[in-house]
Amino acid sequence: MKPSAARERTVRIVCVLVASLSFLFATTDARAAGPNTVRVGSKRFVESFILGEIVTELARQQGLDAVHETGLGGTAVVFRALEDGAIDVYPDYTGTLAETVVHDGSAHANLAVLRRALAPRGLSLSDPIGFEDTYALAARHDVATKLGLHVLSDLRMHPELRVALSHEFAGRSDGWPGLCARYGIEALTPRLLDHALAYEAISRGTADIVDVYTTDAKITRYDLVTLKDDRSFFPSYDAVLVYRTDLLQHASNFGRVLERLRGAINAETMQRLNARVELDGVPFNRVAKDFLSNQGTRTSPPSSPVRQLLVGTWEVILRHGPRHVMLVAVSLILAALLGIPLGILAHARPRLGVALLGVTGIVQTIPSLALFCFFIPIFGIGTVPALLALFLYGLLPIVRNTHAGLASIPDELREAALALGLSPGERLWHIELPLASRTVIAGIKTSAVVAVGSATIAAFIGAGGFGEPISTGLALNDVPTILEGALPAAGLALIAQGLFAILERAMVPHGLREPRC
Amino acid sequence: MVLLEAVEKSFGGRAVIHEMTLEVGTGERLALVGPSGCGKSTLLRMILGLVLPDRGRVHVDGLDVTKATARKVRRRVGYVIQDGGLFPHLTAEENVTLVARLSGQPPSKTAARVRELAELARLPQSLLDHYPRSLSGGERQRVGLMRALMLNPDVLLLDEPLGALDPIIRARLQEDLGEVFRVLRKSVVIVTHDMGEAGVLADSIAVMRDGKILQRGDAHALINAPVDPFVAEFVRAQRILAGDRA
Ligand SMILES: Nc1ncnc2c1ncn2[C@@H]1O[C@H](COP(=O)(O)OP(=O)(O)O)[C@@H](O)[C@H]1O
Ligand SMILES: [Mg+2]
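From first to last, the protein sequence lines stand for chains A and B.
Its first residue numbered -18, the first sequence is counted upward by one per residue in the working numbering.
Its first residue numbered 489, the second sequence is counted upward by one per residue in the working numbering.
In case anyone wonders, no lab produced these hints; they're calculated from the structure.
Take the hints with a grain of salt, since some may be wrong.
[Unchecked claim] According to the in silico footprint, chain B covers these stretches of chain A (three or more CB under 8 Å from chain B): (1) 395 to 402; (2) 405 to 416; (3) 483 to 493.
In this text, a Cβ means the ideal position worked out from N, Cα and C, and glycines have one as well.
One chain only, chain A, in its complex shape (with noise of 0.2 Å):
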């Protein structure tokens, strides 16, 4: 009796996980997907954090259901996310648009080109905010002193200069190459690094000039001057809003949000905003409230930083925890479903079996974050190409599991079950299964402490979970906010570890179980 009674309780515990689990995605997803919310999406650096959060308070404040995307990533997969439709509006800057849309940095679009060029994609770009955060270059102050650094055209004189840029500045045309063209500084050598990692190397002494924003709240704390743009290269960067024309049909009071944003901020109160973030640790959508409500310079008391830990890891747990877990639960059950019978087709049908694993072992082998963005365009941010690039990663360690699990039984029981006169069916389901039972387990195991993982990075996409603490973190260069992500991401590895331990003994045979001492 007992083959049978075992595979109904298997077969029950699937069912009642698939439930729970469409049950918790239901209601996470619920809270992203109203038809008239209005999705903010925002860059992954402070000030676009910042933008994004007031724009998303003052629609929330017309009675609008808004909801921010935080840390969606760069310029590229921003603007997309908002052609797609998967978010509504964003902030950015007319020449990063001039760029991007025009693709011809050095046109210094006005407003009236780039309205042009963006209405036939359905795109409208709100008036000036009033500030503007153009690119520049800046040098230590001591080497600047040094060698008497006050303009771009400086440079040519020190090849010998150790630069790092961002990648996105190092990139584009209107940024690092068209900078050398036209100062004809090519001989400089520039590292590429993250933009929060650039001050951090400016810091420690082994760079000497970074990119810069204008309204970067570092320039005064790392004590760097900016390069006067004497051959006025960059083009104007004036902060706007680009929405989808669409969205004041749905959500017609966020007019108001716009009128209400026109000439609102200045570089400086910009500059001070960034650096309440930057530099006093307050959480960006504290500063975004704090600024609508006037009381914009008050900084937060101080606690103490390990009581701050536990309390944010906690509030990180509670808020970002479901999420994670449906991430996790949802794509390792779908690799699961598909992985074994995967692996199962591999193991009878050999040559079949060598291109399955080939394909899912080349899957493994593409960067997570790649994979994300390659779904981009399909199925556009959020949870989707999430679920669908982790549902990928999970496919391998299941199909090769099972495949080896399967391959190693030995001739002998195969034999066995052949001459007992069962059917293929009957011989996969009471013998071969049971049998790699053990293999295939471990194989899910391993999936899943890797969904784990790659779930945090599936936050730059806008999907959530504890990655998303992690992402704001690294555009912070905030130790602790990463900490508040990576350590319940970690904990979380730790207890899928502990449920598979607990999963073998139930699943796994009483005559396969390792004899105990």
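Since chain A is already given, all that's left is putting chain B with the ligands on it; use the hints.
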């Protein structure tokens, strides 16, 4: 009843069974002896349809053994291999009753049959809920025999069933097997290395070499009237060994 008609089998161009014809009548017990690699196991596998002959036919109880009929044939033939071939994830009883349960036999009938078989195979009832890993080699063979007999097959095939056992257990199990064969009166084909064993367990002995049956007869005939020098040598070598052991 088992009948092989001019069967031939090659593996990778090498002939393993040469045009062979063999009949094992109802209730008849045949022992196959011969050096290892001569094709004994292949012969048993052909009876089960695990290996299909290149030429010739195999009949079991009047059924032509083909790919299509193989499963039906296998349910009428019991098969015991060297170390029992028990499934490690099932208890002794579950191993024995697996096929009966899957074909929907009522549990009460199954349980009664298991008790009966345990008595016949002299397996203590207390061992029925043990997993194979906690059974001795001899106990595993008894369970393997019970599993082969569960559906009351007409034909019983045993491939060196005592081969992996130490001498004392082997002698006891040999005795018990002989008793089972006498009681059940099935067609039996048993592969063994041991002429003595063959003499005790079977009515007739077939000596094989290189895929051919050189001679078939009772122990007396093989000793006193070998038709082939190889048969004479094989029988003599076996007797010397038996003499050593005694
Ligand atoms: N599936 C197979 N593929 C290739 N060669 C095989 C296969 N089965 C058996 N043989 C070969 O056939 C010969 C007879 O094997 P077998 O019947 O197992 O011999 P025996 O049982 O008498 O020792 C051996 O040489 C063996 O290597
Ligand atoms: Mg053999």
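Going through the hints against the structure:
no.: 1; hint: 395 to 402; in the structure: holds (count 7)
no.: 2; hint: 405 to 416; in the structure: holds (count 5)
no.: 3; hint: 483 to 493; in the structure: holds (count 4)
Violated hints are absent here; each numbered hint is respected by the structure.
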